[in-house]
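With the sequences and hints as input, model every part of the structure.
Here the protein sequences line up with chains A and B, keeping their order.
So for the first sequence, our numbering puts the first residue at 1; every next one is plus one.
So for the second sequence, our numbering puts the first residue at 1; every next one is plus one.
None of these hints come from the bench; they were simulated from the model.
Just so you know, these numbers come straight off a predicted model, no measurement behind them.
There could be a bad hint or two in this list.
[What the hints assert, rightly or not] Capping the alpha-carbon separation at 30 Å, the derived lysine-lysine pairs in DSSO-like fashion look like this:
| # | chain 1 | residue 1 | chain 2 | residue 2 |
| --- | --- | --- | --- | --- |
| 1 | B | Lys273 | A | Lys28 |
| 2 | B | Lys28 | A | Lys152 |
| 3 | B | Lys28 | B | Lys183 |
| 4 | A | Lys259 | B | Lys116 |
| 5 | A | Lys183 | A | Lys259 |
| 6 | B | Lys111 | B | Lys58 |
| 7 | A | Lys152 | B | Lys273 |
| 8 | A | Lys116 | B | Lys116 |
| 9 | A | Lys111 | A | Lys58 |
| 10 | B | Lys111 | B | Lys28 |
| 11 | B | Lys273 | B | Lys219 |
| 12 | A | Lys116 | B | Lys219 |
| 13 | B | Lys219 | B | Lys28 |
| 14 | A | Lys28 | A | Lys111 |
| 15 | A | Lys116 | A | Lys58 |
| 16 | A | Lys28 | A | Lys219 |
| 17 | A | Lys116 | A | Lys272 |
| 18 | A | Lys58 | A | Lys28 |
[To be verified] Derived DEER-like restraints, expressed as beta-carbon distance ranges:
| # | chain 1 | residue 1 | chain 2 | residue 2 | range |
| --- | --- | --- | --- | --- | --- |
| 19 | B | Ala147 | A | Arg35 | 46 to 52 Å |
| 20 | B | Thr241 | A | Lys111 | 33 to 39 Å |
| 21 | A | Pro146 | B | Gly73 | 39 to 45 Å |
| 22 | B | Gly56 | A | Leu238 | 44 to 50 Å |
| 23 | A | Phe265 | B | Arg306 | 56 to 62 Å |
| 24 | A | Gln277 | B | Ala147 | 37 to 43 Å |
| 25 | A | Gly290 | B | Ala147 | 28 to 34 Å |
| 26 | A | Arg292 | B | Gly73 | 42 to 48 Å |
| 27 | A | Gln277 | B | Glu27 | 30 to 36 Å |
| 28 | B | Gly110 | A | Gly211 | 49 to 55 Å |
| 29 | B | Tyr107 | A | Lys111 | 35 to 41 Å |
C-beta: ideal position from N, C-alpha, C; glycine also.
Next come the chains, spelled out residue by residue.
Number of protein chains: 2
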Amino acid sequence: MVVTDGTHFSKQASQFDLHAYLAARQEKVEAALDRSLPIIYPEQIYEAMRYSLLAGGKRLRPILCLATCELAGGTIEMAMPTACALEMIHTMSLIHDDLPAMDDDDYRRGKLTNHKIFGEAVAILAGDGLLAYAFEHIAVETQAVPADRLMKVIARLGRAVGAAGLVGGQVVDLHCEGVCDVKMETLNFIHAHKTAALLEASVVSGAILAGASDTDIQKLTRYSQAIGLAFQIVDDVLDITSTQEELGKSVGKDLRAQKATYPSFWGIDESKKQAQQLVEQAKSEVSGYGDRALPLMAIADFITARTH
Amino acid sequence: MVVTDGTHFSKQASQFDLHAYLAARQEKVEAALDRSLPIIYPEQIYEAMRYSLLAGGKRLRPILCLATCELAGGTIEMAMPTACALEMIHTMSLIHDDLPAMDDDDYRRGKLTNHKIFGEAVAILAGDGLLAYAFEHIAVETQAVPADRLMKVIARLGRAVGAAGLVGGQVVDLHCEGVCDVKMETLNFIHAHKTAALLEASVVSGAILAGASDTDIQKLTRYSQAIGLAFQIVDDVLDITSTQEELGKSVGKDLRAQKATYPSFWGIDESKKQAQQLVEQAKSEVSGYGDRALPLMAIADFITARTH
Numbered sequence: 001m002v003v004t005d006g007t008h009f010s011k012q013a014s015q016f017d018l019h020a021y022l023a024a025r026q027e028k029v030e031a032a033l034d035r036s037l038p039i040i041y042p043e044q045i046y047e048a049m050r051y052s053l054l055a056g057g058k059r060l061r062p063i064l065c066l067a068t069c070e071l072a073g074g075t076i077e078m079a080m081p082t083a084c085a086l087e088m089i090h091t092m093s094l095i096h097d098d099l100p101a102m103d104d105d106d107y108r109r110g111k112l113t114n115h116k117i118f119g120e121a122v123a124i125l126a127g128d129g130l131l132a133y134a135f136e137h138i139a140v141e142t143q144a145v146p147a148d149r150l151m152k153v154i155a156r157l158g159r160a161v162g163a164a165g166l167v168g169g170q171v172v173d174l175h176c177e178g179v180c181d182v183k184m185e186t187l188n189f190i191h192a193h194k195t196a197a198l199l200e201a202s203v204v205s206g207a208i209l210a211g212a213s214d215t216d217i218q219k220l221t222r223y224s225q226a227i228g229l230a231f232q233i234v235d236d237v238l239d240i241t242s243t244q245e246e247l248g249k250s251v252g253k254d255l256r257a258q259k260a261t262y263p264s265f266w267g268i269d270e271s272k273k274q275a276q277q278l279v280e281q282a283k284s285e286v287s288g289y290g291d292r293a294l295p296l297m298a299i300a301d302f303i304t305a306r307t308h
Numbered sequence: 001m002v003v004t005d006g007t008h009f010s011k012q013a014s015q016f017d018l019h020a021y022l023a024a025r026q027e028k029v030e031a032a033l034d035r036s037l038p039i040i041y042p043e044q045i046y047e048a049m050r051y052s053l054l055a056g057g058k059r060l061r062p063i064l065c066l067a068t069c070e071l072a073g074g075t076i077e078m079a080m081p082t083a084c085a086l087e088m089i090h091t092m093s094l095i096h097d098d099l100p101a102m103d104d105d106d107y108r109r110g111k112l113t114n115h116k117i118f119g120e121a122v123a124i125l126a127g128d129g130l131l132a133y134a135f136e137h138i139a140v141e142t143q144a145v146p147a148d149r150l151m152k153v154i155a156r157l158g159r160a161v162g163a164a165g166l167v168g169g170q171v172v173d174l175h176c177e178g179v180c181d182v183k184m185e186t187l188n189f190i191h192a193h194k195t196a197a198l199l200e201a202s203v204v205s206g207a208i209l210a211g212a213s214d215t216d217i218q219k220l221t222r223y224s225q226a227i228g229l230a231f232q233i234v235d236d237v238l239d240i241t242s243t244q245e246e247l248g249k250s251v252g253k254d255l256r257a258q259k260a261t262y263p264s265f266w267g268i269d270e271s272k273k274q275a276q277q278l279v280e281q282a283k284s285e286v287s288g289y290g291d292r293a294l295p296l297m298a299i300a301d302f303i304t305a306r307t308h
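Structural data, given as structure tokens:
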């Protein structure tokens, strides 16, 4: 079954083909990302930025942004520059997290990490370049959206990646490595900031671009927080249960590093159960939107069902 | 002599007290920077960001932004969040440039560099946090400026720091280290991107915030490009002629690293002469604004006169 834009909203939940939906959206996002960053002089920095930006991945953040923009009555075109910016920010955080001074990872998405190919200096700069470009891209490329909405989106994205978001989560995470008595509230802080903050920004920014009401934004915020935490719990479980081939990155790393994870508190079965509850909670937040929420409902289910 | 806001514009060029002007503006900028970034949990990342952001420095970029906003009919208040953002971006570039993987510097502004105090991981994250916060700060804190002007400012700043600006300049600079036959055009590229791009964004963003005309913005752009290059030439000269105490950072480093510099092409005397010509050119661009341009005229002169 091939799903074309616009038609999927009229289908029943049971008929909604998430696989086809995600594949179609992923293709659009890949094309937009590819166009967003042509290679000019000095070529190496653009090659380094593109190497990680176009290294595949689920494109979950851009797809969420496009989906909530449509849900709130906007178009894919209105949200695409922001969707691309979200992926640039996410990629920047991966490049910097993988550096020797941080998590020191050699593989990411089944490929050598950025610094293994381009060296540490260029990898640091590629991250900086992607972060700066994300904001420029939104400001320059967004069409048919009032500037005051764009300012709200920029504020949200800045917050999601800075010390009140990704960066703050990563700092606490680094401090906890090898520490045996990490508390549950610390683990929650780490993931609320490292993972959930940018997912929340992805979901909410699409709605802001479309001019959604405060009530809608609050519902979508709760949806995103629930799927954000569920996503991290499943990630922790997959680190234990997956093979490197399935996951495309080093596995069992959390265990070896004695990292606090949800399975280390709850065990694997209870972790899966908690993730499932969060997904149900997320779906109940958006169930009132009917067919318009089918993509968000299916994406929530997909989080617990995924194996990589 | 004490210069208070507003009064200095009525003075003759010969009477304009740049020292007092800079001191008064610096004090305002320091206070705004201090307020911009309170320390909350996780404290260490905010401490690391503040350590470098509040480590002194001339605050030339914020002061230029405030000056052109006033020149174009705006107020200090309109420009202050952008002025602070410019210093956050500048600070981020210094923190990352000083990293072991980059220039590997131990001292900056007379103090130990960020990674020498907080470690490499936190230093990388502090830079990321400052860069993200710069955009958030403009979007959240700017008052009484239409959102479409703010979008233009965000686009300019993003460009000035990304691969088309600072990051691109630093990549080329890294490649030229230890290379003996660096061409003059490559050296110009490095400095147009590493130094001049952010100075240009500083000058132009103030004018955009005030709603300046395209003609004014073009004049100010040429002013900023001239002082940007002059600034770098003087920096290169000072690296040779200053003592570490005067400069507050390691000196003679360019020579030891066999870095291409303007004095290595022209010698010290010719470099000083070229810088002086650029300063005259910069001043001629803004001479038509009369007394309103006194701060910009004096700042241009200050660049060649400075000893640190």
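Violated constraints from the hint list, given by number and in increasing order: 1, 3, 7, 12, 17, 19, 20, 21 and 27
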